Amino acid sequence: MTTLLNVKDLRAYYGQVQALHGLSFSLSEGSLTTLLGANGAGKTTTLRAICNMVRSTGGIEFDGKPLNNRSTESIVRFGIAHVPQGRGTFTTMTVEENLQLGAITRKDSAGIVSDIERMYAHFPVLKQRHTQQAGTLSGGEQQMLAVARALMLRPRLMLLDEPSFGLAPLVVRDLFGILGKINREDKVSILVVEQNAQLALELADQAYVIETGRIVMSGNAKDIANNEEIRKSYLGY
Amino acid sequence: MELFTNQVLAGIATGAIYACMALAVVMIYQAIDHLNFAQGEMAMFSTFISWQLMQWGIPYWAAFVITLALSFVGGIAIERILFKPLAKAPVLTNVAGFIALFAIINSSAGLIWDFTIKQYPTPFGSSPFLGSQLISTHQAGMIGVTVLLLLGLYFFFQYTKIGLAMRAAASVPESARLVGINTSWMIALGWGMASAIGAIAGMLIAPVVFLEPNMMGGVLIYGFAAAVLGGLTSPFGAVVGGFLVGVFENLAGTYIPGVGNELKLPIALALIISVLVVKPAGLFGRQIVKRV
Numbered sequence: 001m002t003t004l005l006n007v008k009d010l011r012a013y014y015g016q017v018q019a020l021h022g023l024s025f026s027l028s029e030g031s032l033t034t035l036l037g038a039n040g041a042g043k044t045t046t047l048r049a050i051c052n053m054v055r056s057t058g059g060i061e062f063d064g065k066p067l068n069n070r071s072t073e074s075i076v077r078f079g080i081a082h083v084p085q086g087r088g089t090f091t092t093m094t095v096e097e098n099l100q101l102g103a104i105t106r107k108d109s110a111g112i113v114s115d116i117e118r119m120y121a122h123f124p125v126l127k128q129r130h131t132q133q134a135g136t137l138s139g140g141e142q143q144m145l146a147v148a149r150a151l152m153l154r155p156r157l158m159l160l161d162e163p164s165f166g167l168a169p170l171v172v173r174d175l176f177g178i179l180g181k182i183n184r185e186d187k188v189s190i191l192v193v194e195q196n197a198q199l200a201l202e203l204a205d206q207a208y209v210i211e212t213g214r215i216v217m218s219g220n221a222k223d224i225a226n227n228e229e230i231r232k233s234y235l236g237y
Numbered sequence: 001m002e003l004f005t006n007q008v009l010a011g012i013a014t015g016a017i018y019a020c021m022a023l024a025v026v027m028i029y030q031a032i033d034h035l036n037f038a039q040g041e042m043a044m045f046s047t048f049i050s051w052q053l054m055q056w057g058i059p060y061w062a063a064f065v066i067t068l069a070l071s072f073v074g075g076i077a078i079e080r081i082l083f084k085p086l087a088k089a090p091v092l093t094n095v096a097g098f099i100a101l102f103a104i105i106n107s108s109a110g111l112i113w114d115f116t117i118k119q120y121p122t123p124f125g126s127s128p129f130l131g132s133q134l135i136s137t138h139q140a141g142m143i144g145v146t147v148l149l150l151l152g153l154y155f156f157f158q159y160t161k162i163g164l165a166m167r168a169a170a171s172v173p174e175s176a177r178l179v180g181i182n183t184s185w186m187i188a189l190g191w192g193m194a195s196a197i198g199a200i201a202g203m204l205i206a207p208v209v210f211l212e213p214n215m216m217g218g219v220l221i222y223g224f225a226a227a228v229l230g231g232l233t234s235p236f237g238a239v240v241g242g243f244l245v246g247v248f249e250n251l252a253g254t255y256i257p258g259v260g261n262e263l264k265l266p267i268a269l270a271l272i273i274s275v276l277v278v279k280p281a282g283l284f285g286r287q288i289v290k291r292v
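These protein sequence lines are chains A and B, in that order. The first sequence begins at 1 in UniProt numbering and counts up one residue at a time. The second sequence begins at 1 in UniProt numbering and counts up one residue at a time.
Bound conformation, chain A alone:
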């Protein structure tokens, strides 16, 4: 399998505070990889650094091309869709407008129309509410909308920041089921950051564990899930 995303010695800073201390990992094309770790470990920062939303040094290569020093909006055009923490919904706009915004960099209007229909097939609740203001959706619906919006880019890589946050367990199961399906059927590589380690490990094929800005463990998701020592010391379940 070819490497799609390669991160080498990534260091990130918020003002004077260093949040990542030389973090390296890679993600193969077509894989579903998860970054696990406690609060404040640097998971969100890692995703933000990939999209250049935080000051960082080190190497980030996507499909062999360096991403450093590119603006966030131009990184998106490489086919990297980022679903931020808190979902980033355009709350004052309709559900359909949110989906159109996801495809705003695309030129193929016919493809966009058919992709919106595809999203409605993935997430029927969005179709029911397509003229509604997105801010009136429930948390779970907004998370579905955020995922759908990201998919409208036809991304090669999707970055998901805590998709389970604030959702009811049943809704989370649903959402993760859909993510797995998207990964398998649409061949979208996914990098998902999660606090819900158990669930993320069930879904992912590859896993990395971060602690205070460094990778402390990596490997096959099943192996990590089965390793009681790792589970107890890093994942807390």
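Simulated from the structure, these hints should not be mistaken for laboratory data. Warning: the hint list may mix true and false statements.
List time: in silico DSSO-like cross-link candidates among lysine-lysine, alpha-carbon distance up to 27 angstroms [claimed, not checked]:
no.: 1; chain 1: B; residue 1: Lys279; chain 2: B; residue 2: Lys264
no.: 2; chain 1: A; residue 1: Lys222; chain 2: A; residue 2: Lys187
no.: 3; chain 1: B; residue 1: Lys161; chain 2: A; residue 2: Lys127
no.: 4; chain 1: B; residue 1: Lys161; chain 2: A; residue 2: Lys107
no.: 5; chain 1: A; residue 1: Lys232; chain 2: A; residue 2: Lys222
no.: 6; chain 1: A; residue 1: Lys65; chain 2: A; residue 2: Lys107
All values reported here derive from a predicted model rather than from experimental measurement.
Given the structure of chain A, go ahead and fit chain B onto it with the hints provided.
For chain B alone, coordinates are given in the frame of chain A:
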């Protein structure tokens, strides 16, 4: 009754201008969270440019279109040169920037075209509109052009991709960048459009208030009153506010004894203060709730 109808229609005509100014102010406020105190001066300068073009023998509508294009580019240039570098600066720095812009434009206009009052032509004429004494053809023209402009803007923001991108960039900038929108250029585009809208307002009101460097002072205050009344976060509100303020101004001038023409301006200021005290978000504005 005829006096009343007359005053209401005249109010709608000037209200159209206030609506344009309010809209220009709201567009920039949405994009950068600051009130453009120099919006009126920018409009005045644009109007002078159109006047100069006509002095050089260019027909009215050609001068109108060229002025719009120049104002659009000028608005973008002001944003790129002055306000983009101030994007992360504190509020007061920005306010100082706007005041500086105000003074620079006002004085430059005086320097280039001097401060004497000039006649400004109207393409609509000023005969009674459709034989009625209630409203002149120029006033009807003001309303007509504004309505066309508003319809055009509505279509632009509701049905074009770039309009959608501009709305997205103004409402959630971070998410807008994450779907690939260049938010910085959307702000510049907003400035260009606001500047062009102001130019339309200036060119339409100039035959009424006459052309001189301070012509937009009063108009901008009414524009602010309109924007505050409608809600600074709502373009639709700004437009409604503009028409309301225009009508209110005329009726107060006619029917409240002692107001007359001289005290019309304080009425606009009183309106701003009352709205801010009673309903700070305005008629159509979003109530901003923050967790503390």
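Evaluated hints:
1. For the suggested pair Lys279 (chain B) and Lys264 (chain B), the alpha carbons sit about 22 angstroms apart, so the restraint of at most 27 angstroms is met.
2. Proposed proximity of Lys222 (chain A) and Lys187 (chain A) is supported: the alpha carbons are some 21 angstroms apart, at most 27 angstroms.
3. For the suggested pair Lys161 (chain B) and Lys127 (chain A), the alpha carbons sit about 21 angstroms apart, so the restraint of at most 27 angstroms is met.
4. Taking the CA atoms of Lys161 (chain B) and Lys107 (chain A), the gap is near 10 angstroms; set against the 27 angstroms cutoff, the hint holds.
5. For the suggested pair Lys232 (chain A) and Lys222 (chain A), the alpha carbons sit about 15 angstroms apart, so the restraint of at most 27 angstroms is met.
6. Restraint check: the Cα-Cα separation between Lys65 (chain A) and Lys107 (chain A) comes to about 23 angstroms, which is no more than 27 angstroms; the hinted pair holds.
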